[in-house]
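*Asks:* Could you put the whole structure together from the sequences, leaning on the hints where they help?
There are 2 protein chains.
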Amino acid sequence: MFQNFDVTSDPSNGRKRLAALRKEMRRKKLDHYLVPHADQHQNEYLPKHAERLSWLTGFFGSAGFAVISLKQAVVFVDSRYTLQLREQVDPKSFKGANLIDTPPTNWITSNAKKRARIGYDPWLLTVGQHERFLKSAKEAGARLIACPNLIDRIWPDQPAPPLGRVEIHDISHAGKSAADKIREIQSAISAKGCNHCLLTDPASLCWLFNIRGSDVMHNPLVLGFAVVPAKGRPHLFIDKRKLTDDANTYLAKLVMLHPPSALKARLTKLTSRKSVLCDPNLVASKLADIIVKAGGKIVRGRDPVVLPRAIKNDVEISGTRNAHLRDGVAVCRFLSWLDAQIPGTVDEIGAAKQLEQFRVTTAKNMDSELKELSFDTISGAGPNGAIVHYRVNEATNRALDDGTLYLNDSGGQYVDGTTDITRTIAIGTPPKQAIEDFTLVLKGHIALALARFPEGTRGVDLDTLARKALWAEGKDYGHGTGHGVGSYLNVHEGPQSISKRGMEPLLPGMIISNEPGYYVEGEYGIRIENLVLVREAEIPEGGTTPMHGFETLTLAPIDLRLINAEMLSSGERNWLNTYHERVRNELTPYVGNDSKKWLATATKAI
Amino acid sequence: MFQNFDVTSDPSNGRKRLAALRKEMRRKKLDHYLVPHADQHQNEYLPKHAERLSWLTGFFGSAGFAVISLKQAVVFVDSRYTLQLREQVDPKSFKGANLIDTPPTNWITSNAKKRARIGYDPWLLTVGQHERFLKSAKEAGARLIACPNLIDRIWPDQPAPPLGRVEIHDISHAGKSAADKIREIQSAISAKGCNHCLLTDPASLCWLFNIRGSDVMHNPLVLGFAVVPAKGRPHLFIDKRKLTDDANTYLAKLVMLHPPSALKARLTKLTSRKSVLCDPNLVASKLADIIVKAGGKIVRGRDPVVLPRAIKNDVEISGTRNAHLRDGVAVCRFLSWLDAQIPGTVDEIGAAKQLEQFRVTTAKNMDSELKELSFDTISGAGPNGAIVHYRVNEATNRALDDGTLYLNDSGGQYVDGTTDITRTIAIGTPPKQAIEDFTLVLKGHIALALARFPEGTRGVDLDTLARKALWAEGKDYGHGTGHGVGSYLNVHEGPQSISKRGMEPLLPGMIISNEPGYYVEGEYGIRIENLVLVREAEIPEGGTTPMHGFETLTLAPIDLRLINAEMLSSGERNWLNTYHERVRNELTPYVGNDSKKWLATATKAI
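Residue numbers (this note's numbering), protein chains in the order written: chain A, 620 to 1225; chain B, 620 to 1225.
FYI, nobody ran anything at the bench for these hints, they're computed from the structure.
Some hints here could point you the wrong way.
No distinction is drawn between identical chains; accordingly, a pair holds when it is met within one copy or between any pair of copies.
As the list claims (entries may be wrong) - Result set (DSS-like, lysine-lysine): computed pairs, CA atoms no more than 25 Å apart in a straight line:
| id | residue 1 | residue 2 |
| --- | --- | --- |
| 1 | Lys811 | Lys912 |
| 2 | Lys972 | Lys861 |
| 3 | Lys811 | Lys916 |
| 4 | Lys811 | Lys888 |
| 5 | Lys861 | Lys990 |
*Replies:* Shown next, in the form of structure tokens:
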């Protein structure tokens, strides 16, 4: 199994761990201590040894921040995690706060006393974050104190950093050789007038050198750092124990290999009197300090790998279509299996396990392999479906009862593509209100799937299309509508997004999710998610502006029992029927006899 | 008449004026000279003596910027003015460039040589602009040189600064006394921890002190400056010759009055060792220099008047409804008159004059007065309609010919409200393609008019609603969809807008335009514009999120001859019919017997 359902969080640990941390803080004469949900690479999903926020507070969402003071402790999470926070964290020890509306920097400005000492680990704050905290501290008359990580001192059984095996990501999947990619990135570094670029994002390393790893659960990442010069061989800092002989030979031809322990000395030597392109939203302030102390000049700019990684090439696009076919077959088999069960006899964990099993066997049947899940399956029955980033464990596990909705958000990592799909399923006879709400969400999903938009359009310009039908009924959802997705890489990949903050133009070749939802606390959650590919769109006769549009990649039925067809326009019905016809045609040859009949019914025209 | 149709621009002047400017530049050893479309107050519409860009280049749009070098001269305009620029400016002397995509700051970075000297008038660049030019100059290794305005030295018949009469804006229209407003703004200044606020935007002065003037054509503005202390009397710098005895008595009770010539000395004295709230997008860098030299501290922040001015109070809202009724009657009488004319017998100037006349007489008939037009009427027949901010003059004047479209964008300044309306009219039998395009634009207009959206929604979130129908046909328009509108103040008023850059939440009480369009160069222009008021919206049963929506203020028929009813959904048809019913009911009592029958036909249900 690629996932477990252990109760990883115990709110009762918070109090004594907090006491231990405060003891360390007093030793360092600190009034506050910053605990970000972060590692040295700004990974969204952290390697186990870096799960410091979770260890300290009990909160294990994928975004958060704690400010620990001697008398109080505040955990900041975004609206996706508000419910989850209440369940996982001891309310006597920790106060909750909204990460977006009242961020920790504001908290510092308003709450830190004059001359207060605020401790932080400079490996865990980026250059940009450090700057913002510095500004807040200054406004409060307080000081930021860089110090070794205090959690590491009090975490007795902290795991060691990971040593996941490094694999070569073959050009038959990558579509472009590492040598070509390096040349491309080196041109970008030259164009910025820089001597070097410091890459700290493992996804950038993986893309650039065509390697994949398993240092982080669900994300095929290799933890490491790289210094790419404008000319000549890149330097890659990586633990050699991770390399098979093949990988070692492959990498030795491309780069100079160094152990991570050599980073400081080598960076100092390389960057002295040189200009170094650093992404202020990725590079740790510690590394910037090293460069500046070496007499190097930091040039701020986006990680040059970000855009080429986001714009998939033809080989990657063809790969993702194959991965989605395979994944669609697995999901279809799962949905068909689920429909055959008597309501109440399956629970959330059972369903998640079964789906994972279908993904494993389907991949094998179709001459491929499920390398990993793309993330812990969100398997939420009834009210648990309303917890936007729910992770089921033995304590929260619920049966899929008659008359409820079941929300399943899951994905697979295949060597040719990363998938991410959400389906909301009627268990028995669904509540009438749920059908209306589901149809509103579907209208939003379709509006986005059908959108045609001019070059230069950004995600922010499209987000409203997915919400309009809900808004008309006085409803909304508290998360973004779409995130970028990698090619056998992170399931959350920038720079593009469809959300209120999506300022990145959507370019052909980008993969993004289309996932509006609606949540009724204590009752049910609804989300419909397909991945889509940005493509150039046909211009209708008489049209004058070059247009883009989306191709839907995900292939699985959308539950017809939750749709009120009368609420759909003919254009919307047409999209649904065409999509279902395509799903049926593409999946039927692979779903097996058990599911064929089910699929025909599940995809019938309405 | 509140407008004239003179040919104000003569491209042939450009060459010799440019030569004169270059002579001055050589005298000052300047390699480049910046000529913004700006006065000391960052007015959008400039007083005549500040029309330096227009005098130099011939271009008289409402936004632009020139960078004059010894060998070349570039005029930067946005996409609204691309066509206009070609007609008004001598292409042998001036090159055109896009103000948004390739702004002058970028031009400086790429084109200024090392040690180049770039001259500018520090009264005409804001603190923020100055900073951006400084950065660009630094990147190029060039220097910014503040100097007295060079255009003023070579403009022989430059008009004197205006001395428009100041009127008291009665509380029966303002809805709140100046004393109350001053207290409100002073709280905001205190909350920012500042001792003073420097106000340089005439619209802020007018709103705060409840005065109106006529220093700028079409905008009832009083040019001046104010220093508002957190406690005590504000200081107002204004030419006393503008004040009637009444206004003098009124203002003397509220503020300390000073002549503008006293500004530098008084500002130096007031701000020494004090913190002064300055809006970096409004305050001239010259004034910031004075404060800094005096030992004052600049605190950057938005002009505190901006938001209270944008959020209209109940008296202002009731006033604007009355103004729109009056204006709607005038427009209706005009449209009815126009329909009675034989195609080809009316020209653009004739139409604009006739409409102005209807506005004057209608206001008088309805016990009010047209104080001014809100802007020069855009009266564009056929291909001239495709010039987005067209201003007709004797040279460009065209007849409204059979088989063409006529676009009229106009507005009135009444003491109780400012209006702005665009109607596109079929002259004779319109081309079939124009009907389809008009209907697409109408669909966008209706989508926005009907929008319901959660608190916190910004203009950027709604802009796409107005474009979606056009996008689906491969079409788009190159301007924003809506701008804020003042209450007997500027017809373009921030901070809200409906556009790709509209980051300001739309709050109840804000007035904004809803004006999608579509333009076919050389053929026709289409725009449908109503003003709308942001209001709290009813939440439908089952709704869970507080919602806002729009109330349409503008009252005038939308040309049914340009609508293909088959392209409208039943919801869209319903909006149109309900709107037309309201227009008919509200206007009929006032339009007079000539127009009653026409109005009934023009507003019949489809």
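*Asks:* All the hints need checking, so say for each whether the structure fits it.
*Replies:* Results for each hint:
no.	hint	verdict
1	Lys811 <-> Lys912	within (22 Å within a copy, 37 Å between copies)
2	Lys972 <-> Lys861	neither (29 Å within a copy, 82 Å between copies)
3	Lys811 <-> Lys916	within (13 Å within a copy, 36 Å between copies)
4	Lys811 <-> Lys888	within (21 Å within a copy, 47 Å between copies)
5	Lys861 <-> Lys990	within (17 Å within a copy, 79 Å between copies)
When held up to the earlier numbered hints, the structure conflicts with hint 2 and nothing else.
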